[in-house]
Amino acid sequence: MHLRNFFVAVAFSLFTAAAVAQVDIEHRRTLTFQTGAAIYQSEETLGGFGYFWFNENHYPWTNTALRVIYAGVYVDSEFSYYVGGNTNTAIGLGAGGGVYLDGITPYVKGERLAQQTFDGDDVGGRVFINQTIPNPTPLPLNVRASYFITQFYYRDKSVTAPTFTVPTDFFVQTAQAELRFGGIEPGLLSKRGAELYIGLDANYRTGFEQFGPTVPTVVYGRHSEYQHVFGSLGARLPAGPVTIGARVCGGYGNDIDQLSAWKLGGNLVNIDPFAYTLHGYYLRELFTDRFLMSNLALSVPVHEKSNLALHFYGDWARARGVAPLAREYHNYIGVGTGVSFRLGRNLDMLVSYGYGLNAVRNGDRGGHEIALGVEKQF
Numbered sequence: 001m002h003l004r005n006f007f008v009a010v011a012f013s014l015f016t017a018a019a020v021a022q023v024d025i026e027h028r029r030t031l032t033f034q035t036g037a038a039i040y041q042s043e044e045t046l047g048g049f050g051y052f053w054f055n056e057n058h059y060p061w062t063n064t065a066l067r068v069i070y071a072g073v074y075v076d077s078e079f080s081y082y083v084g085g086n087t088n089t090a091i092g093l094g095a096g097g098g099v100y101l102d103g104i105t106p107y108v109k110g111e112r113l114a115q116q117t118f119d120g121d122d123v124g125g126r127v128f129i130n131q132t133i134p135n136p137t138p139l140p141l142n143v144r145a146s147y148f149i150t151q152f153y154y155r156d157k158s159v160t161a162p163t164f165t166v167p168t169d170f171f172v173q174t175a176q177a178e179l180r181f182g183g184i185e186p187g188l189l190s191k192r193g194a195e196l197y198i199g200l201d202a203n204y205r206t207g208f209e210q211f212g213p214t215v216p217t218v219v220y221g222r223h224s225e226y227q228h229v230f231g232s233l234g235a236r237l238p239a240g241p242v243t244i245g246a247r248v249c250g251g252y253g254n255d256i257d258q259l260s261a262w263k264l265g266g267n268l269v270n271i272d273p274f275a276y277t278l279h280g281y282y283l284r285e286l287f288t289d290r291f292l293m294s295n296l297a298l299s300v301p302v303h304e305k306s307n308l309a310l311h312f313y314g315d316w317a318r319a320r321g322v323a324p325l326a327r328e329y330h331n332y333i334g335v336g337t338g339v340s341f342r343l344g345r346n347l348d349m350l351v352s353y354g355y356g357l358n359a360v361r362n363g364d365r366g367g368h369e370i371a372l373g374v375e376k377q378f
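Counting from 1, position 282 in the sequence shown corresponds to residue 282 in this note's numbering; the numbering is continuous, with no gaps.
Any given hint might turn out to be false.
Said to hold, decoys possible - Label pairs and their calculated CB-CB ranges: (1) Glu26 with Ala246: 19 to 25 Å; (2) Pro136 with Ile91: 25 to 31 Å; (3) Asn362 with Thr206: 18 to 24 Å; (4) Leu308 with Pro216: 51 to 57 Å; (5) Thr206 with Leu237: 41 to 47 Å.
Calculated from the structure, these hints are not laboratory results. Just so it is clear, CB atoms sit at the ideal spot from N, CA and C, and this is done for glycine as well.
Using the sequences provided together with the hints, build the complete structure.
Written out as structure tokens, the structure is:
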């Protein structure tokens, strides 16, 4: 992913995957930007993640809610209506579209396959129904059913080889069911929350044809139907002055290719499902159809007035590769550290370093990644 993609990445999580399985009722005006790069023996392209998030409950009318995400060359919006004035039941619709979001930059053992990169755009819409189920705990329990229609467009980049066939333009219908018990505060330096999430989806492509290298012929994707099952259990809780974050998640996919695969890797935090954090690896380096992952984070405050804090990270994943990666299971381990602080009014910054113990770089093991995150609440 290149610099022009910085402000389109958020649409993946909010449009193609419907990451929020409940109606957000919080007042939000948030500007977020994260970028990461490998250092020493790197072939990683410059990548990042950024957006402006507008969210308001009972807006523009009573018993409605509006969320708008603006990400430079991409925009996504979602409108919810509380049925009969009952905030436990909401129906809604969303729409979005933009360019460069769906491009692919593949890596194998740390080497970028430049001649197999390509750009992708999309436009589409969705309808959903969300039900909040009363329960004896203080945590919300939500179930949500959604139906998506999305049109994808793909094209060569200037470096794409003539012997590589990019995906055809195609149309996807998606049926999705989600359950979310609890919730975790969003944001660059999120500090509280507990959540159990389960999501299932079935997808059908129309107009899709196989793609991949033609000399020699290797098919990277051929299936018009594919499915995902994903689960996550995590929490961020205070332990005295320290904040501890832990999560276990995993996914099982059927007939998955690099377009529909989960992407693991990078120091960027709290940006899934666009990418799942694995410190020390390239951003979205690993394509997988089946994986199990755990993340541990420890935040230690140093100076309260300036919000100065130290962060320590540990990540582990066992994942099966999707072409062009070998269809094999491998273990991936990453560790990292970072420092966060506040500049001016409500402007938070996070600088981090990650080391990928199993990252292959020039035939050796050990990958180095740095990242910068900036977030402002209005």
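Now the hints, each set against the structure:
| no. | hint | result |
| --- | --- | --- |
| 1 | Glu26 with Ala246: 19 to 25 Å | holds (24 Å) |
| 2 | Pro136 with Ile91: 25 to 31 Å | holds (26 Å) |
| 3 | Asn362 with Thr206: 18 to 24 Å | violated (43 Å) |
| 4 | Leu308 with Pro216: 51 to 57 Å | holds (55 Å) |
| 5 | Thr206 with Leu237: 41 to 47 Å | holds (45 Å) |
The structure fails to meet hint 3 from the earlier list, while all remaining hints are met.
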